[in-house]
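Chemist: Below, each chain spelled out in residue letters.
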Amino acid sequence: MQALAEVGAEFRAGEVVAVMGENGAGKSTLMKALAGVHPPDAGEIRWEGRPVRIGSVAQAEALGIAFIHQELNLCGNLTVAGNVFLGREPRRGGFWLDRKTMRRRALELLERVGLKVEPETLVEELSIGQRQMVEIARALAREARLVIMDEPTSSLTTTETARLFDVVRELKGRGLGVVFISHRLGEVQAVADRVVVLKDGRNSGSLEKGEITAGRMVQLMVGRDLDPAGRRPVEVAAGEVRLAVEGLRTRAWPLQQVSFEVRAGEIVGMAGLVGAGRTEVARVVAGVDRALSGTVRVDGVALRGGQVAEAVKAGVALAPEDRKEQGIFLELPVRENIALPGWGLGRGQRLGFVRAAEGRAEAERLRDLLAIRTTDVEKAAGLLSGGNQQKVVLAKWLALGPKVFVLDEPTRGVDVGAKAEIYRVIAELAAGGAAVLMISSDLEEVLRLSDRVLVMHEGRLAGEVGRAALSEAAVMALATGVDRACP
Amino acid sequence: MFKSLSAQNSKTLLILLLLVVLTLVCGALEPRFLSRDSLGAVLKYAGLFGVIALGVSFVILTGGIDLSIGSWVGLSAVLYPVLLKQGLGVGEAALVIAGASVLVGLLHGFLVTKLNLQAFLVTLCGLFIYRGLARVAGGGREQILPADQEWLRDLLVLGRPLGGLPVPAVFLLMLALAAVAAVFLNLTVTGRHLLATGRNEQAARFCGIGTTRLRVLSFVICSLLAGLAGVLFLLDGRSALGSSFGNSYELWAIAGAVLGGCSLRGGQCAVAGVVLGSVMVAEVRQAVFFVAGDEWKEFVIGVFILAGVIADEGFSRWMAARRVRA
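Going line by line, the protein sequences match chains Z and W. Under the working numbering, the first residue of the first sequence is numbered 2, with each subsequent residue one higher. Under the working numbering, the first residue of the second sequence is numbered 34, with each subsequent residue one higher.
Derived by calculation from the structure, the hints in this document are not laboratory data. There may be inaccurate statements among the hints.
[As the list claims (entries may be wrong)] Below, simulated DSSO-like cross-link-like pairs (lysine-lysine); rule was C-alpha separation at most 30 Å, straight line: (1) Z/Lys-314 to W/Lys-147; (2) W/Lys-147 to Z/Lys-380; (3) W/Lys-118 to Z/Lys-325; (4) W/Lys-147 to Z/Lys-325; (5) Z/Lys-380 to Z/Lys-200.
Make the full structure from the sequences, and use the hints.
Modeler: This is how it looks when you write it as structure tokens:
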């Protein structure tokens, strides 16, 4: 799949550039191209005026480009010094580890990043913020001149973030270039000299120091306002409450509580940035995970939780985020994929024996209903396109007539044609009286389908946008936490 | 990449073809291989090892492994005459062994699913523990099948119910078990759930399938069949020494399952393939005995399986390439 259409950007020495954009806008892909993780298919990278080819991480490092991953790449069982010099340890006589030099140089580097720990400390004993500093020290040890950080603050506390920014300013003062990817408008305002905004794999615009305001950034990230004609017409007034979630705490965000309701006939969008806690909520509702506390009610009846079979029986269906790993059996026939969840409820079987003919008829009915492109429902599901595989996932739950349908990124990796058909199915589901909760990072689709949108930010519901006030800017403002104080 | 049902079937057909070729080659190398006695011996070993191969293929199907089979065979073989000496009847002794086998399978399943231990380690410990118990239970002496058990030996292992054909009873018993396994895996809901769990455990869990229970079930089936096989091996051999009886049988069983097309990554096992694989292992044993001498059998079976695994990889790539062209 193409992640980047066409992007141009320039990074200078002694400058801090923030790269921004919605989920999937292509920020990480651009950075990975620079760092040699995923070399680009076309285009040119010029380093100090010379065109270069960066085909591997080693080549990027040789040039002086260091990439600090969002999920830090440190060896927890090694010491701080061991990590800083990993792969280029100072040696004596070409063979023996020179511990003394290593310690001395590590202390210098740790001093520069303001990390007050002994170089012999094991990395697994450090906090996330401290580990970030170790990563930066490692970049300095490699004499990096451009440091790229992918969402460096995503798991830092406020103090740690402030500390990180001090170090970033220090690096800048020494003439290094710093690029960092962030969703957080306040942070970008605080530290960036320039902002480059991407949208749908293209440059959407850039802002110089004086122009960086939250409003301008959101505008560039969102790009345009949605064509109201594309929206789902309101057909039915919402009915009874089908899904009620109260005081839900998940493992990912144990300090936050989430409460909301979805009524029969309603499509409720759930927006937010990746990692905001949306999928965790979906998994608890579907019984995949157990909540730390809180209740999930379906038609007023509380679920015990933590059991998919119980949720399925109560009428909950989940089209999961990771289709290939969680939603579908690639090697099994389409028919069996569709029939599987029903067997446990006594459908398509008699006395424990599968009734294949019955399953076949049902699969063919659903294939026609959802326009799944396959002539033979006995074909392995893995042979279908991504969009058609997703339709198989929807079909297996439609067969059970769910009361609550939770869709997690229902059109990820799905082509445009199949998208439209999936939208139609979702709308019909709601019209049929199901309560639909749709998690999506695709704002356009959230706005197109939703009757109202719940926006999550860092594990809590940051707000709700009603149909009348629905706009990308309103959702993005809540999702990025514009209103929150920043370091 | 994706093995549809037809791919699995064509693989089984290929294994059948390989078996025919192997039989003809062995016959050409050594005409005595095709004699009635020789073929009868091949089918007897295929039957005996097929029972444990079927068992282990359930565990392999769900992505696990059971290394304790040989020791459990030994314990069960020693226990049977010991229990008879205690005055238990045949049925009672069989019940005790079956009950112990179920418990041991439950224990393996519990340790693997609930405590999240690796099947390899759990059953490796089992390998030592049950071997030790077999030595203790046998008191260091060879346990002999009582003379009044000859009828059972004829009925279950050596008898030839098909009249003149050199097909021993134990091979038919194994075929019957295989038929039950095939019906279970292919036609019942629990069987399909087991297969789905092997194919993609996470997706199975997301469908509301109780994957933990099914993985435990696979260990129970495996131990139960190993317990049964212990008695069958004893009936065949007439005596069992706790310290060695059944040694490394788990590896022969796994060999049969792998030759039959089971992937140790889980998700793939055709019962027919396991039967054919077991016959193949037995044929190679027998042919090596004739051609090169018994001491060569491990060497040859190792090379044979390695060749089979390499051929399987090539076959998978060929199927994938053919699909791309189609």
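Chemist: Against the structure shown, which of the earlier numbered hints fail to hold, in ascending order?
Modeler: 2, 3 and 5
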